[in-house]
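In the order they appear, the protein sequences are chains A, B and C. Take the first sequence: its position 138, counted from the start at 1, is 258 in the numbering used here, and no numbers get skipped. Take the second sequence: its position 192, counted from the start at 1, is 1234 in the numbering used here, and no numbers get skipped. Take the third sequence: its position 145, counted from the start at 1, is 168 in the numbering used here, and no numbers get skipped.
What the hints contain is simulated information worked out from the structure, not anything from laboratory work. Predicted model only: the values in this text are computed from it and were never measured. The reader is advised that the hints may include incorrect statements.
Subject to a maximum C-alpha distance of 27 Å in a straight line, what follows is the list of computed DSSO-like cross-link-like pairs (lysine-lysine) [what the hints assert, rightly or not]:
1. A:Lys183 with C:Lys112
2. C:Lys76 with A:Lys175
3. A:Lys183 with C:Lys76
Anything over 10 Å on all C-beta distances counts as not near chain A; from chain C, calculated [what the hints assert, rightly or not]:
4. Phe27
5. Glu28
6. Asp45
7. Val61
8. Pro64
9. Leu91
10. Val92
11. Lys148
12. Thr158
We treat Cβ as the ideally placed atom computed from N, Cα and C, and that holds for glycine.
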Amino acid sequence: MITAERKPLEEIMEFVKPHGRILLVGCNECVTVCAAGGRKEVGLLASALQLKFMKEGQTLDIKEMTLERQCDPEYVEELASFVDQADAVLSMACGCGVQEVARRYKNLPVYPALNTKFMGASERQGVWAERCQGCGDCLLGITGGICPIARCSKRLLNGPCGGSTNGKCEISPEVDCVWQLIWDRLKALGMEDRYEDIMPAKDWQTGRGGGPRKIIREDMAE
Amino acid sequence: MKTESVLEKVLASGNLAVTSECGPPRGAVPEKVREKAELLRGCVDAVNITDNQTAMVRMSSFAACVLVRQMGLHPILQSVTRDRNRLAIQSDILGAYSHEIDNMLCLSGDHPHFGDHPQAMNVHDIDSIQFLQMVKKMRDEGKFQGGDDILNPPKMFIGAAANPFADPFELRVARLAKKVKAGADFVQTQCIYNLDKFEQWMQGVRDRGLHEKVYILAVVTPMKSAGMARYMKNKVPGMDVPDEVVERMAGVPKEKQADEGIKICVETIQRLKEVEGVSGFHIMAIEWEQKVAEITEKAGLYPRPEV
Amino acid sequence: MNQFEPVIVAFCCHYCAYTAADMAGSQRLNYPPNVKIVRVPCSGKVDAIHILKAFEKGADGVYVAGCLVGDCHFKNGNLKAARRVAYVKQLLDEIGINGDRLEMVYMSAGMGERFSQVARDMTQKIRDLGPNPATTASTLKAEQAVA
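Based on the sequences and whatever the hints tell you, model everything.
Following this line, the structure appears as structure tokens:
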């Protein structure tokens, strides 16, 4: 999923303060799974903002809504009747959702309540870790299902570097050395001899390096 | 002979080669480069010029190499993939070769986390092994990484780093094999204090015949103090300093520790001379370049052969 | 109106804390009328939003009372509650309401005396901290307490 974390309240207050009526919109997908912007978090943020306003002797007119997804126009459309009663939208979706809402509702500011972080997976309840950087040319088949582009601090395709210590990355003992993980997996799969195959320089055009990307399905696009 | 490099000539002649290093200053101060390099004149065959070492901004390795070459010495251009993409690297190589610089060391580089600009994006367009492949292609095929022909292709003597002490140990010989396959002509190891582990690695290297495919320069670093020994043991990733070495340094009074450090360094060189497959030494005397002459003399590596 | 009388909401789990409150009652032990009890099946049922809403509606202090560690009727509901309370304390600090206004406490069903002591201690603590800064600044009356 795409993971995100709520921005500090101070920063959100700066967005919200100049506006009298706020439409706070959550998303039922990724940000619900990582407990950052789902229905529960929308409720919490609305209450927290209300308390902050009350401290200043004011009240905040805030309407809470949670869409199925904010990255699809058909769901974003559901906000149409509510934006008329708002002066600004505060979106608790990932960056994709914030932009889609902003694209549809051009007449009022749309602010992000979250900092979108990474594409990742749940390691266990309450812990999410980076797994994929969307390089556009997946090499997981060669690396035993573990990605060095997303998980090596230096994006080495022929790792590990000389800083790998006890299975941990040189930058922190909290960070696994992904090449240790890959090597262990290759051994477990009986594929050790793969290690010495040299992975040639990557063509980053399939990734962000080639410019902003689009996928078009001719059979589906109207 | 793959190149015109003096370092290659010394190694090819069967002599033990000696290199040392020069870290450029954290400012536009060319005199500092010249001073350090001058201390090494006559006692080394080539001088590594480091590249934004420990991810701290310094005068560029390329510029410092030019200064050193102008003094009549032979620099080794160190280059890290952390700071530049494949265009910039190839461009630097063309520039360096145009200044008669014909040795280089292809590295990934320390993470910016450790340096003075942790906010910087690390580039890593290519890694150190792809870097080796690229420089070899430039030299042996006369082509850029992208495939186009190069006018007067640079003939670089290609070096890489090899760390026998990093984890996982079982991979460290395979890693050298990979670098050799990619194009390394010579390697410089990590600082050697743990001679047993180094010899264990060399056995693995010899078992695969790698010592005949690549020149191995064993790296030694003289310790200035017991504090330095402890720091290197505990704070530097990939560094293996056995307790006995720290104890030996701590066992002498403070004013004698520097001399003890030199003694250990010379003894290490003497022991390494006996290890089959070691083709030379890299004396990494950081901010202590004035001791390199003394070390080479005491270790019987002075004067340098005429090639 | 000289003395500020805090309004305190106590979320009490049915199996232990609420029963302890009952016990206090039958033992004729006094505890301050400031404490308004909300019975929940398990302290783990209490979610962050319940706590925030209590403050929004005028509570000056809140505590969540669950079973003794290891004795939760639902295995580890009290541990979950404790983690949530810790999270909301930080959130309250971020809002500027002072996380000390919120506590997690543990007791067993027979601890009538402990229930009254906790109620007294919390009431005094909140009395010392003063009224909820969100409600003193607004026109909400303190008596408009918990839902």
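For each hint, the structure was consulted:
1. A:Lys183 with C:Lys112: This hinted pair holds, its Cα atoms lying about 25 Å apart.
2. C:Lys76 with A:Lys175: holds, 15 Å
3. A:Lys183 with C:Lys76: holds, 16 Å
4. Phe27: holds, 17 Å
5. Glu28: Per Cβ check, C:Glu28 is outside 10 Å of chain A; nearest 20 Å; holds.
6. Asp45: Check passes; 31 Å lies beyond 10 Å.
7. Val61: holds, 17 Å
8. Pro64: holds, 19 Å
9. Leu91: The claim stands: C:Leu91 keeps its Cβ more than 10 Å from every Cβ of chain A (closest is about 24 Å).
10. Val92: holds, 20 Å
11. Lys148: holds, 20 Å
12. Thr158: Per Cβ check, C:Thr158 is inside 10 Å of chain A; nearest 7 Å; violated.
Of the numbered hints given earlier, the model fails hint 12 alone.
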